[in-house]
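Top line first, the protein sequences correspond to chains A and B. Using the working numbering, the letters of the first sequence correspond one by one to residues 657 to 900. Using the working numbering, the letters of the second sequence correspond one by one to residues 15 to 327.
No lab work stands behind these hints, which were simulated from the structure alone. Even for Gly, the Cβ is constructed at its ideal location relative to N, Cα and C. Please note: incorrect hints may appear among the correct ones.
Stated by the list, open to error - Straight-line distance between alpha carbons at most 20 Å, and here's what the computed DMTMM-like set of lysine to aspartate or glutamate pairs gives:
1. Lys-168(B) - Glu-185(B)
2. Lys-148(B) - Glu-734(A)
3. Lys-661(A) - Asp-32(B)
4. Lys-203(B) - Glu-95(B)
Unchecked claim - Chain B residues, not near chain A, derived (Cβ > 12 Å throughout):
5. Asp-132
6. Phe-142
7. Phe-169
8. Asp-176
9. Glu-224
10. Asn-227
11. Asp-252
12. Asp-266
13. Lys-278
14. Asn-285
15. Gly-298
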Amino acid sequence: MKHDKIERNVGILIILTMLAISAGGLVEIVPLFFIKETVEKVDGVRPYSPLELRGRDIYIREGCYLCHSQMIRPFRDEALRYGHYSLAAESKYDHPFQWGSKRTGPDLARVGGKYSNDWQTQHLTAPRSLVPQSIMPNYPWLSKTDLDYSDIQGRMKALRVTGVPYSTSKAEFDKNVKEFGEETAKNLHIPDAEKNLIAQAQAGNYDTNPDKLTEMDALVSYLQLLGTMVDFRKYDDDYFAKFR
Amino acid sequence: MSQDNKKVTVETTGHVWDDDLQELNNPLPRWWIWGFYITFGFALVYWLFYPAWPIGNTYTKGIPGLNNVTYVATKVDGTQETKTTHWNMRSKLMVEMNDLQAEQKPYVDKVASKSFEDVAKDPELMQFVNSAGKTLFATNCVPCHQAGGQGKVKFAPNLTDDYWQYGGTYENIQTTIVGGRHGVMPAFKTILNDAELTQVSNYVLSLSGEPHNADAAKLGDAIFHGDKAGCYACHGVDAKGNIAIGSANLTDKVWLWPDVLGAKTPEAKLNEVKTLIYGGMDKGVMPVWETRLKPEQIKLLTVYVHDSLGGGK
């Protein structure tokens, strides 16, 4: 095709430009869908429970990802500070993943269990009361705002479309029991979402206020889960190296 | 303009706009062209050394043996094995961690094999404990216990004083770090009425010489040691606490949950104690560390907290 023709036809120019600039992305990304070792084989990774899912949505709403990454890279300094490097498998049910690329605050990929619920609640409400040099904003409304979970089933259904195995039927539920165990499978059953959400919040008492179900409950339950699904003590310390 | 145009001798692309607007086709600088070709050569060499091309469900891993990584892996059962693999970041990390472990091994081994007391007596080893412990403490403990281990009222205990809620021996401290702690005091709002709460609060304040109403304290004494409230069951008949369950010693000047020392007036002090007894306390949670830290790191931290922070007893 003559240069002349392309330059004089905006439609062809747009299409050919798009093809040219997507080549790099296609060559780098598409093979990952076919390479067997991209997602590591590992036990323990499961989709979020209804409460944790609401927590993740609040994490996104408040823009936590703008300052916090969830991606520990395989470097010595990160291993010493944050723990085991992140696995692709650990975010296989995340849509969208929260890897992030900006670390104004510390990485949160393995923050789960590192602090008590009380610490998380206090720290989110007033970070400088616990970490004097912190520049994190205060989020005092989280523990004052009742959690709106009226649309939780819709949120789970939306993720189901992307391939997260939330169940709607008995057959799907049984399949989840086989894969994740009964306790987790119950939490993934969409028709019971509201009931499960309330039960988990009451049992966990994440915002240290048992009388109220707040957005803090949801967010802290999500934070306390981060990076805890895989028990790395069950694997040789180079087990995940073979996946690269 | 038209005069200038005629002077142009370089090749044009042949495009002409608005009668005389032409696009020149100057050759690129020679150094740039060569630089461009060199990147092609670089890529070819790179493919020989590093993982590069996807093929079906696998990928090229470079020429075998050309750029291998050799590291020592530790298996789940504790045995070690030397492995060699094609170049990749995760294996490179193994090498880096191997180097770090080799550097620290002489000290870590000594810390692991010696008793707590012998570690504390060894000045060279304590230098290692101090530097490694400082980093571990800063990364894991400071968010709650604060920068110097001074703690925070209503949150986390002071680690620099001689008072230990769960015991201050090496073994006590190690147990605390390994399994975490969860301090709970039940609420007495349904058990004691307001007058009784005031009386028992006065008694508690009297135990450490805080300002109190002596008459009320006398009545509080009976409630404290009575079976209706049963305070003595956890805090002890002598009110000196019990390190096995972490109940507070009420006879000393240390206050963690009610901020008695921070309260300015006797009324405020009374109110602090009364509020705590009324509502109880379910906040004294220290996380479990055995899942995050290695046993030798916990031992190191134990010695650091016991000896370097100055509170061990």
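Status of each hint after checking the structure:
Annotation: proposed proximity of Lys-168(B) to Glu-185(B) is violated, straight-line Cα distance about 25 Å (limit 20 Å). Between Lys-148(B) and Glu-734(A) the CA atoms are separated by roughly 17 Å; this keeps the pair inside 20 Å, and the hint holds. A C-alpha spacing of about 17 Å is found between Lys-661(A) and Asp-32(B), which places the hinted pair at or below 20 Å, so the restraint holds. A threshold of 20 Å between alpha carbons decides the hint, and for Lys-203(B) with Glu-95(B) the separation of about 61 Å lies outside it, so the pair is violated.
No beta-carbon of chain A comes within 12 Å of the beta-carbon of Asp-132(B); the shortest separation is about 27 Å. The beta carbon of Phe-142(B) sits about 16 Å from the closest Cβ of chain A, which is more than 12 Å, so the claim that it is off the interface holds. Its closest Cβ contact with chain A, about 7 Å, brings Phe-169(B) to no more than 12 Å, contrary to its assignment away from the interface. Look at Asp-176(B): its CB is around 25 Å from the nearest CB on chain A, clear of 12 Å, so calling it non-interface holds up.
No beta-carbon of chain A is positioned within 12 Å of the beta-carbon of Glu-224(B); the least distance is around 26 Å. Consistency note on Asn-227(B): stated as away from chain A, and its beta-carbon is indeed over 12 Å from all of that chain's, at 32 Å minimum. The Cβ of Asp-252(B) lies farther than 12 Å from every Cβ of chain A, with a closest approach of about 30 Å, so its non-interface assignment holds. No Cβ of chain A comes within 12 Å of the Cβ of Asp-266(B); the nearest lies about 24 Å off, and the non-interface call holds.
Non-interface status of Lys-278(B) relative to chain A is upheld: no Cβ of that chain comes within 12 Å, the nearest being about 20 Å off. At the 12 Å boundary, the C-beta of Asn-285(B) stays outside the reach of chain A, the nearest C-beta of that chain being 21 Å off. A beta-carbon of chain A is positioned within 12 Å of the beta-carbon of Gly-298(B); the least distance is around 8 Å.
Hint violations for this structure: numbers 1, 4, 7, 15, all remaining hints satisfied.
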